[in-house]
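Could you put together the complete structure from these sequences and hints?
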Amino acid sequence: MKRKAEVSTFSFLDETIRRLNEPGLLLVSGDMKRANVMTIGWGLLGILWSRPFFIVAVRPSRYTHKFIEENGDFTVNVPRRDMEETVTYCGTVSGRDHNKIEERGLTLLPSKKVNSPIIEECIINYECKVAYKVRVNKEELSPSILSLCYPYGDYHTLYFGEILVVHADENLDSD
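Here the sequence shown stands for residues 1 to 175, numbered as in this note's numbering.
The hints are all genuine.
With a Cα cut of at most 25 Å, we get these calculated DSS-like pairs of lysine-lysine:
id, residue 1, residue 2
1, 133, 112
2, 129, 112
3, 33, 66
4, 138, 66
5, 129, 33
6, 129, 4
7, 129, 66
8, 113, 66
9, 113, 133
Derived from the structure by calculation, the hints contain no laboratory data.
These figures come from a predicted structure and were not determined experimentally.
Set out below in C-alpha coordinates:
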(Lines of atoms letter the chains of each structure in order from A; the text may use other names.)
(Lines give C-alpha, C1' and ligand atoms only; values in the text may rest on other atoms or scores of the structure.)
Protein backbone atom coordinates (compact mmCIF):
# COMPACT_ATOMS: atom_id res chain seq x y z
CA MET A 1 0.00 0.00 0.00
CA LYS A 2 1.33 3.40 -1.00
CA ARG A 3 1.55 5.98 1.72
CA LYS A 4 -0.63 9.05 1.34
CA ALA A 5 0.25 12.31 3.04
CA GLU A 6 -2.10 15.18 3.74
CA VAL A 7 -0.97 18.24 1.76
CA SER A 8 -2.06 21.85 1.56
CA THR A 9 -5.10 22.34 -0.67
CA PHE A 10 -3.44 23.80 -3.75
CA SER A 11 0.02 22.18 -3.50
CA PHE A 12 -0.53 20.28 -6.73
CA LEU A 13 -2.82 22.70 -8.56
CA ASP A 14 -0.65 22.82 -11.72
CA GLU A 15 -0.42 19.03 -11.96
CA THR A 16 -4.15 18.66 -11.34
CA ILE A 17 -5.02 21.15 -14.11
CA ARG A 18 -2.58 19.50 -16.55
CA ARG A 19 -4.11 16.08 -15.98
CA LEU A 20 -7.66 17.43 -16.01
CA ASN A 21 -6.98 18.58 -19.55
CA GLU A 22 -5.22 15.37 -20.62
CA PRO A 23 -6.07 12.53 -19.99
CA GLY A 24 -8.74 13.55 -17.42
CA LEU A 25 -9.36 12.92 -13.73
CA LEU A 26 -11.35 10.21 -11.94
CA LEU A 27 -14.38 11.28 -9.93
CA VAL A 28 -15.75 8.83 -7.35
CA SER A 29 -18.99 9.00 -5.41
CA GLY A 30 -20.61 6.43 -3.17
CA ASP A 31 -19.17 4.56 -0.22
CA MET A 32 -16.82 1.64 0.42
CA LYS A 33 -19.61 -0.88 -0.30
CA ARG A 34 -21.01 0.70 -3.46
CA ALA A 35 -19.35 3.43 -5.49
CA ASN A 36 -18.93 4.52 -9.07
CA VAL A 37 -16.02 6.10 -10.90
CA MET A 38 -16.23 8.31 -13.98
CA THR A 39 -13.77 10.36 -15.97
CA ILE A 40 -14.04 14.14 -15.91
CA GLY A 41 -12.34 16.55 -18.28
CA TRP A 42 -14.04 19.70 -17.04
CA GLY A 43 -13.64 21.27 -13.62
CA LEU A 44 -12.63 24.37 -11.73
CA LEU A 45 -10.48 24.75 -8.63
CA GLY A 46 -10.34 27.93 -6.62
CA ILE A 47 -11.62 29.99 -3.75
CA LEU A 48 -15.31 30.72 -3.29
CA TRP A 49 -17.06 31.99 -0.18
CA SER A 50 -13.58 32.19 1.43
CA ARG A 51 -13.12 28.40 1.08
CA PRO A 52 -11.37 26.09 -1.39
CA PHE A 53 -13.65 24.48 -3.98
CA PHE A 54 -13.52 21.92 -6.76
CA ILE A 55 -16.45 22.44 -9.12
CA VAL A 56 -17.34 19.45 -11.29
CA ALA A 57 -19.91 19.08 -14.07
CA VAL A 58 -21.95 15.85 -14.16
CA ARG A 59 -24.82 15.18 -16.54
CA PRO A 60 -28.01 13.82 -14.92
CA SER A 61 -27.89 10.88 -17.34
CA ARG A 62 -24.61 9.69 -15.84
CA TYR A 63 -24.72 6.96 -13.23
CA THR A 64 -22.45 9.00 -10.95
CA HIS A 65 -25.04 11.80 -10.79
CA LYS A 66 -27.30 9.53 -8.71
CA PHE A 67 -24.45 8.77 -6.29
CA ILE A 68 -23.60 12.44 -5.74
CA GLU A 69 -27.28 13.27 -5.22
CA GLU A 70 -27.60 10.47 -2.64
CA ASN A 71 -24.30 11.04 -0.84
CA GLY A 72 -23.71 14.78 -1.11
CA ASP A 73 -19.98 14.29 -1.61
CA PHE A 74 -17.35 13.06 -4.05
CA THR A 75 -13.62 12.64 -4.47
CA VAL A 76 -11.52 13.80 -7.38
CA ASN A 77 -8.52 11.58 -8.05
CA VAL A 78 -5.53 12.52 -10.20
CA PRO A 79 -4.26 9.46 -12.09
CA ARG A 80 -0.65 8.44 -12.58
CA ARG A 81 0.76 8.99 -16.07
CA ASP A 82 0.50 5.26 -16.87
CA MET A 83 -3.26 5.16 -16.20
CA GLU A 84 -4.47 6.59 -19.54
CA GLU A 85 -6.25 3.36 -20.53
CA THR A 86 -8.10 3.30 -17.22
CA VAL A 87 -9.11 6.95 -17.59
CA THR A 88 -10.39 6.28 -21.13
CA TYR A 89 -12.25 3.16 -19.99
CA CYS A 90 -13.93 4.96 -17.08
CA GLY A 91 -15.05 7.69 -19.48
CA THR A 92 -16.57 5.37 -22.08
CA VAL A 93 -18.18 2.54 -20.06
CA SER A 94 -21.21 2.99 -17.82
CA GLY A 95 -21.14 1.93 -14.18
CA ARG A 96 -24.75 0.81 -14.62
CA ASP A 97 -23.47 -2.08 -16.74
CA HIS A 98 -19.91 -2.59 -15.47
CA ASN A 99 -18.04 -2.57 -12.17
CA LYS A 100 -15.31 -0.28 -13.50
CA ILE A 101 -13.45 -0.24 -10.19
CA GLU A 102 -13.10 -4.01 -10.16
CA GLU A 103 -12.57 -4.37 -13.92
CA ARG A 104 -9.70 -1.85 -13.92
CA GLY A 105 -8.13 -3.19 -10.71
CA LEU A 106 -8.59 0.04 -8.77
CA THR A 107 -8.26 0.00 -5.00
CA LEU A 108 -10.65 2.13 -2.96
CA LEU A 109 -9.47 3.58 0.33
CA PRO A 110 -11.70 5.20 2.94
CA SER A 111 -11.63 8.97 2.91
CA LYS A 112 -10.92 10.94 6.05
CA LYS A 113 -13.71 13.55 5.80
CA VAL A 114 -16.34 12.30 3.31
CA ASN A 115 -18.15 9.02 2.63
CA SER A 116 -16.94 8.67 -0.95
CA PRO A 117 -13.66 6.74 -1.16
CA ILE A 118 -10.40 7.78 -2.81
CA ILE A 119 -8.45 5.73 -5.34
CA GLU A 120 -5.16 4.40 -4.01
CA GLU A 121 -3.50 4.16 -7.44
CA CYS A 122 -4.03 7.88 -8.08
CA ILE A 123 -1.27 10.29 -7.05
CA ILE A 124 -3.47 13.11 -5.69
CA ASN A 125 -6.90 12.83 -4.05
CA TYR A 126 -9.34 15.65 -3.24
CA GLU A 127 -12.15 14.99 -0.74
CA CYS A 128 -15.11 17.25 -1.48
CA LYS A 129 -18.45 17.92 0.24
CA VAL A 130 -21.20 19.42 -1.92
CA ALA A 131 -22.00 22.91 -0.62
CA TYR A 132 -24.08 24.04 -3.60
CA LYS A 133 -25.36 22.73 -6.88
CA VAL A 134 -26.99 24.28 -9.90
CA ARG A 135 -28.30 22.90 -13.18
CA VAL A 136 -26.97 24.55 -16.33
CA ASN A 137 -29.71 26.77 -17.76
CA LYS A 138 -29.80 26.67 -21.57
CA GLU A 139 -31.35 30.14 -21.75
CA GLU A 140 -28.21 31.56 -20.13
CA LEU A 141 -25.69 29.82 -22.42
CA SER A 142 -24.04 31.40 -25.42
CA PRO A 143 -25.13 29.81 -28.70
CA SER A 144 -21.60 28.56 -29.41
CA ILE A 145 -21.42 26.60 -26.14
CA LEU A 146 -24.97 25.35 -26.58
CA SER A 147 -24.29 23.94 -30.06
CA LEU A 148 -20.86 22.54 -29.15
CA CYS A 149 -21.59 20.97 -25.77
CA TYR A 150 -25.34 20.39 -25.67
CA PRO A 151 -26.59 19.33 -29.09
CA TYR A 152 -28.86 16.74 -27.40
CA GLY A 153 -29.75 18.63 -24.21
CA ASP A 154 -28.74 16.73 -21.04
CA TYR A 155 -27.46 19.84 -19.31
CA HIS A 156 -24.89 19.35 -16.56
CA THR A 157 -25.40 19.80 -12.88
CA LEU A 158 -22.52 21.82 -11.48
CA TYR A 159 -21.51 20.52 -8.06
CA PHE A 160 -19.59 22.97 -5.91
CA GLY A 161 -17.52 20.66 -3.74
CA GLU A 162 -15.80 22.27 -0.79
CA ILE A 163 -12.35 20.71 -0.61
CA LEU A 164 -12.04 19.37 2.93
CA VAL A 165 -8.70 17.59 2.62
CA VAL A 166 -6.15 16.71 -0.07
CA HIS A 167 -3.86 13.68 -0.08
CA ALA A 168 -0.85 12.97 -2.27
CA ASP A 169 1.55 10.10 -2.59
CA GLU A 170 4.38 10.68 -0.14
CA ASN A 171 7.04 10.41 -2.84
CA LEU A 172 5.30 12.94 -5.11
CA ASP A 173 7.10 16.24 -5.52
CA SER A 174 5.27 19.35 -6.67
CA ASP A 175 6.48 20.66 -10.03
